[in-house]
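There are 2 protein chains.
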Amino acid sequence: MTFAGRSVLVTGGLGFIGSAVARALAAAGADVAVLDALTPGDGGDRRNVEDVKDRIAITIGDVRDDAVVRELVRGRSHVFHLAGQVSHVDAMEDPRADLGKNTEASIALLEACRRTTPRPRVVFASTRQVYGRARRLPLDEEHPCEPVDANGIHKWAAERHHLLYDQVLDVPSVCLRLTNTYGPGQLVRHARQGFIGWFVRKVVERSTIEVMGDGAQLRDLNHVDDVVDAMLRAAASDARGVVWNLGAEPMSIRAIAELLVEIRGAGTIRFVPFPEERLRIDVGSAHASWERIRRAIGWEPRVPLRDGLASTIRHYDAHLARYLP
Amino acid sequence: MTFAGRSVLVTGGLGFIGSAVARALAAAGADVAVLDALTPGDGGDRRNVEDVKDRIAITIGDVRDDAVVRELVRGRSHVFHLAGQVSHVDAMEDPRADLGKNTEASIALLEACRRTTPRPRVVFASTRQVYGRARRLPLDEEHPCEPVDANGIHKWAAERHHLLYDQVLDVPSVCLRLTNTYGPGQLVRHARQGFIGWFVRKVVERSTIEVMGDGAQLRDLNHVDDVVDAMLRAAASDARGVVWNLGAEPMSIRAIAELLVEIRGAGTIRFVPFPEERLRIDVGSAHASWERIRRAIGWEPRVPLRDGLASTIRHYDAHLARYLP
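If you read the sequences in order, they're chains A and B.
Going by the working numbering, the first sequence wraps up at 325, each residue one higher than the last.
Going by the working numbering, the second sequence wraps up at 1325, each residue one higher than the last.
Just so you know, these hints were derived from the structure itself, not from any lab.
None of these values were measured; they are calculated from a predicted model.
Treat the hints with care, since some could be wrong.
Said to hold, decoys possible - Partner residues aside, some chain B positions facing chain A, computed with beta carbon under 10 Å: (1) 1059; (2) 1062; (3) 1064; (4) 1100; (5) 1107; (6) 1111; (7) 1145; (8) 1150; (9) 1152; (10) 1153; (11) 1163; (12) 1168; (13) 1280; (14) 1315; (15) 1319.
Stated by the list, open to error - Computed Cβ-Cβ distance ranges for the label pairs, DEER-style: (16) 70/A with 1170/B: 41 to 51 Å; (17) 252/A with 1273/B: 51 to 61 Å; (18) 1325/B with 296/A: 49 to 59 Å; (19) 274/A with 1304/B: 37 to 47 Å; (20) 280/A with 1135/B: 26 to 36 Å; (21) 1273/B with 46/A: 47 to 57 Å; (22) 1325/B with 274/A: 55 to 65 Å; (23) 71/A with 1277/B: 20 to 30 Å; (24) 1060/B with 27/A: 56 to 66 Å; (25) 302/A with 1280/B: 33 to 43 Å; (26) 1089/B with 71/A: 22 to 32 Å; (27) 322/A with 1277/B: 49 to 59 Å; (28) 40/A with 1051/B: 52 to 62 Å.
Cβ coordinates follow ideal geometry from the N, Cα and C atoms, glycine included.
The shape of chain A in the complex, shown without the other chains:
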């Protein structure tokens, strides 16, 4: 199938990944609506869609606002649900706010979807964080979910609601568990949404990357183009009621930092002790198997890490000021 002529909604569509999804859908000829609360600090920014702002319809609002979301889901063939709070640190500081933005917002969206006909297909951006600490690697979808931070708990609950509404209330849904996503447009203002954006900023600034601990923990990084590809493929498929990991070849955080410095030809690395509040919610090594989604719809990560990081660095070298307060 193609998205040409389709009417679609992207929640969180002014954020890093959401805006990339919206842009790809607009380029594919879809009629794109975007809902974003522009919550300060959460990542939404109108400048993320500056280049396509005349081709998408933007609503500033909260997914939990029933009147707004009911109107926005009507007549849509697909909903890409990316609105949410993504910082594990912020979630621990204010878990009730995180519950509202992740779990309650998902319920509100799904309630709106079940009350419209025909029901849109929903693709939900979940997170590898739902697994918690890995009992085995790579993480597959049968691995127990034992999240060790509030954000992981709330995303897991949101996932289960998508599956519940799929099974019980006939809202076709697919949940993708995203791993660390990087690329042009990612948030670099602060370090609370993951390490990779912060590392990129540091090398762009020819500054010092601070690696917590010894940096031996493994991570897998997906370029945003690959994540967008996964979301569009999942939306276009017939699959429903499923949970699929994204993932990539693992690399240590230390090696990622070294690769960034090498590509940039500048920057230094410093190892610092884990702050206590980070250590308690750190999951150690974590990377995921993408075998299930590959078999189901043929997705695999395509952007080589070196190329992806190099173009990301070039982007921020040219446009860093745009992303700073």
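Starting from the structure of chain A, add chain B where the hints point.
Relative to chain A, chain B alone:
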């Protein structure tokens, strides 16, 4: 240890199980505070503590009210957290309300606990419903959690928060997954909080028990005295950061209905088709292994089912009017 002279809080303490916990603690010489929102339909009722009302301090309020709960947890050695919404049917009708009463309320309570010193030990009343449909029986604590209704999702998230606050924020917590609890004081006004109270009412009224489907699904029933025993033992133990099933020998729903009719010497049984909305969230056969809690703290169910049901029937035969609107 003993609870004599201890200062304890019971949330949901005017409900069926909560009031039994409060009564047992008062009998053990504890200084008992009770918090209950008396939400219409949820089960809280002042008459549940009529016999001990002069020995417990009752606050009518919501666990989510920070000012109230912070004041109430101060100086407590133990918090028994039983407040919540327990109807799966109601949870599906209004999942956002259920999220608030179960997950958000637990976060609010735990936040209050972490902000007081010394921190109380928390015993949380979770539910077997977190497992969803059984992949194997009996359900043990390693069985995957795949809840098939909103209430199960929200109780699971509440459990995880108890474990999180235990591990990360040093609020010692134990989660008990309760199965079907029965006994004097259980809600018999409507059928939305499980089948057993409704069945008891029907035989007390010498009326007809309607069994959905063929009644072959297995269930395990714990008498409320056994549940109270488990909660007090868990509170008195040194265990923390753990999840334990309660459970009992399984019996089919049909056999339970037949046993009730036999004990009462009256009543009839009729088999009716599952209503569609119930069938979709029904978990089939479900009963749990209590081996883990038995090994840890020596708990096991002690009230024989026949004796427990007989005394429950006698109770409602004498006092049914008190429990009806």
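Hints and how they fare:
1. Contact between residue 1059/B and chain A, as hinted, is not supported at the beta carbon level, the nearest pair being about 21 Å apart and thus beyond 10 Å.
2. With 10 Å as the threshold, the beta carbon of residue 1062/B stays out of range of chain A, its nearest partner Cβ sitting at about 13 Å, so the hint is violated.
3. Interface hint status for residue 1064/B: upheld, as the beta-carbon distance to the closest one in chain A is roughly 8 Å, under 10 Å.
4. Given hint, residue 1100/B at the interface with chain A, holds; its Cβ is 8 Å from that chain's nearest Cβ, closer than 10 Å.
5. Because the smallest distance between the Cβ of residue 1107/B and any Cβ of chain A comes to about 5 Å, under 10 Å, the interface hint for this residue holds.
6. Proximity of residue 1111/B to chain A holds as hinted, the smallest CB-CB distance being about 7 Å (cut-off 10 Å).
7. Interface restraint check for residue 1145/B: the shortest CB-CB distance to chain A comes to about 7 Å, inside 10 Å, so the restraint holds.
8. Because the closest C-beta pair between residue 1150/B and chain A is about 7 Å apart, less than 10 Å, the hint holds.
9. Checking residue 1152/B against chain A by beta carbon gives a least distance of about 8 Å; that is within 10 Å, so the hint holds.
10. The beta carbon of residue 1153/B is positioned within 10 Å of a beta carbon in chain A (closest approach about 5 Å), and the interface hint is therefore held.
11. Because the smallest distance between the Cβ of residue 1163/B and any Cβ of chain A comes to about 8 Å, under 10 Å, the interface hint for this residue holds.
12. For residue 1168/B, the interface hint holds, since its Cβ comes within 10 Å of a Cβ in chain A; the closest pair sits about 4 Å apart.
13. Because the closest C-beta pair between residue 1280/B and chain A is about 5 Å apart, less than 10 Å, the hint holds.
14. With its C-beta approaching chain A no nearer than about 36 Å, residue 1315/B sits outside the 10 Å limit, and its interface hint is violated.
15. This hint is violated: residue 1319/B has a C-beta 37 Å from the nearest C-beta of chain A, more than the 10 Å allowed.
16. Between residue 70/A and residue 1170/B the beta carbon distance is about 43 Å. The supplied range of 41 to 51 Å therefore holds.
17. The hinted window of 51 to 61 Å between residue 252/A and residue 1273/B holds, with their beta carbons roughly 58 Å apart.
18. Distance hint for residue 1325/B and residue 296/A: a CB-CB separation of about 52 Å, consistent with the stated range 49 to 59 Å.
19. Range check, residue 274/A to residue 1304/B: about 54 Å between beta-carbon atoms, so the 37 to 47 Å window is missed.
20. In this structure, residue 280/A and residue 1135/B meet the distance hint of 26 to 36 Å, their C-beta atoms being roughly 32 Å apart.
21. About 54 Å separates the C-beta atoms of residue 1273/B and residue 46/A, a value consistent with the hinted range of 47 to 57 Å.
22. Between residue 1325/B and residue 274/A the CB atoms are about 57 Å apart, so this pair conforms to the stated range of 55 to 65 Å.
23. Under the hint 20 to 30 Å, the C-beta atoms of residue 71/A and residue 1277/B, about 27 Å apart, fit the expected range.
24. The hinted window of 56 to 66 Å between residue 1060/B and residue 27/A holds, with their beta carbons roughly 58 Å apart.
25. Residue 302/A and residue 1280/B have their C-beta atoms about 39 Å apart, which keeps the hinted 33 to 43 Å range intact.
26. Under the hint 22 to 32 Å, the C-beta atoms of residue 1089/B and residue 71/A, about 29 Å apart, fit the expected range.
27. Checked against the hint of 49 to 59 Å, the C-beta distance between residue 322/A and residue 1277/B comes to roughly 51 Å, which is consistent with it.
28. At roughly 54 Å, the beta-carbon separation of residue 40/A and residue 1051/B lies within the given 52 to 62 Å, and the hint holds.
Of the numbered hints stated above, those contradicted by the structure are hints 1, 2, 14, 15 and 19, listed in ascending order.
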